[in-house]
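When you get a sec, could you build the whole thing from the sequences and use the hints?
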Amino acid sequence: MRSGHNVVRFRPCARAGSGTRVDCERTGQRLAITIGGGGRHFLDEGLLGKLEQAIDDVERAQGVSLVILRCTGLSFCEGLDPELVSMSGDGAAPRLASLIERHALLVRRIAGLLPVTLCELGGNAFGSGLELALACDLRIAAGNVRLGFPESCWGVAAGSFAAARAVRLCGPGNAARLLLTGETVDARTAHAMGLVQWTVHVADMEEAAGRLASRICSLSPEALAATKAAMPDCPRVTQPMANHQASILAMPQVRRRVADFLNA
Numbered sequence: 001m002r003s004g005h006n007v008v009r010f011r012p013c014a015r016a017g018s019g020t021r022v023d024c025e026r027t028g029q030r031l032a033i034t035i036g037g038g039g040r041h042f043l044d045e046g047l048l049g050k051l052e053q054a055i056d057d058v059e060r061a062q063g064v065s066l067v068i069l070r071c072t073g074l075s076f077c078e079g080l081d082p083e084l085v086s087m088s089g090d091g092a093a094p095r096l097a098s099l100i101e102r103h104a105l106l107v108r109r110i111a112g113l114l115p116v117t118l119c120e121l122g123g124n125a126f127g128s129g130l131e132l133a134l135a136c137d138l139r140i141a142a143g144n145v146r147l148g149f150p151e152s153c154w155g156v157a158a159g160s161f162a163a164a165r166a167v168r169l170c171g172p173g174n175a176a177r178l179l180l181t182g183e184t185v186d187a188r189t190a191h192a193m194g195l196v197q198w199t200v201h202v203a204d205m206e207e208a209a210g211r212l213a214s215r216i217c218s219l220s221p222e223a224l225a226a227t228k229a230a231m232p233d234c235p236r237v238t239q240p241m242a243n244h245q246a247s248i249l250a251m252p253q254v255r256r257r258v259a260d261f262l263n264a
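Anchor point for the sequence shown: position 14 equals 14 in the working numbering, and the numbering is continuous, going up by one each time.
Hints listed in this document are in silico derivations from the structure and should not be mistaken for laboratory results. Note that the structure is predicted; figures quoted are calculated from it, not measured. Ideal Cβ placement from N, Cα and C applies to all residues, glycine included. Any given hint could turn out to be false.
[What the hints assert, rightly or not] Derived DEER-like restraints, expressed as beta-carbon distance ranges:
| id | residue 1 | residue 2 | range |
| --- | --- | --- | --- |
| 1 | 227 | 260 | 42 to 50 Å |
| 2 | 180 | 105 | 20 to 28 Å |
| 3 | 155 | 72 | 27 to 35 Å |
| 4 | 144 | 173 | 21 to 29 Å |
Dropping the structure here:
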């Protein structure tokens, strides 16, 4: 652990799969988790493991009022790694099931954190990547990003957490639009639906998010934690559910649809 100028970095810039990095850094009452690195970010065992380590750091930290989940570049997290979805062989489905179950647990850990959680969506977020954002209490999106649950386009069911949280945030009608059509929407539409609370021009993102973070950190952390504890919970993902989702993802037609979506 290194410190200086009131900044503490919990671990060096840790590399996840495909060059993706996850940094966990604290400044005062704020603890920021940043998904970075070149190119597009997809969820694989490497990225998932680094995010799990970052949440470990958050859960051990004392005196944190705000946890920020953000990205660098044009991609926040665009869902499951297509290379994992395209795997074949006897070990493919169990590996995917394990990843889905771990991701579901991670989402619930983020949703259950005592500090307020803020997701800065500076890049596209789809499927399981958008679930990470929905696990946070608050979301601010840059105007150039796209968000959605394209799973239905692949012939795959969206996660139960995503479905429950989308209904809670957007209402049944807008949730059905997102979950049952596979449509991806821009930040302005997402804001109108209730999927995000704020949308700003991409050039204003850092300043707007900073003002919001300062406001949250000026409030009573005890009162905020008590308020969060009174808010309704979301359903858990069980092992049978993860196995079923993995078996669907292993179907050849699903792999083709995933590839078509990512290459569009």
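#### Entry: Hints violated by the structure (listed by number, smallest first)
No hint contradicted; all consistent.
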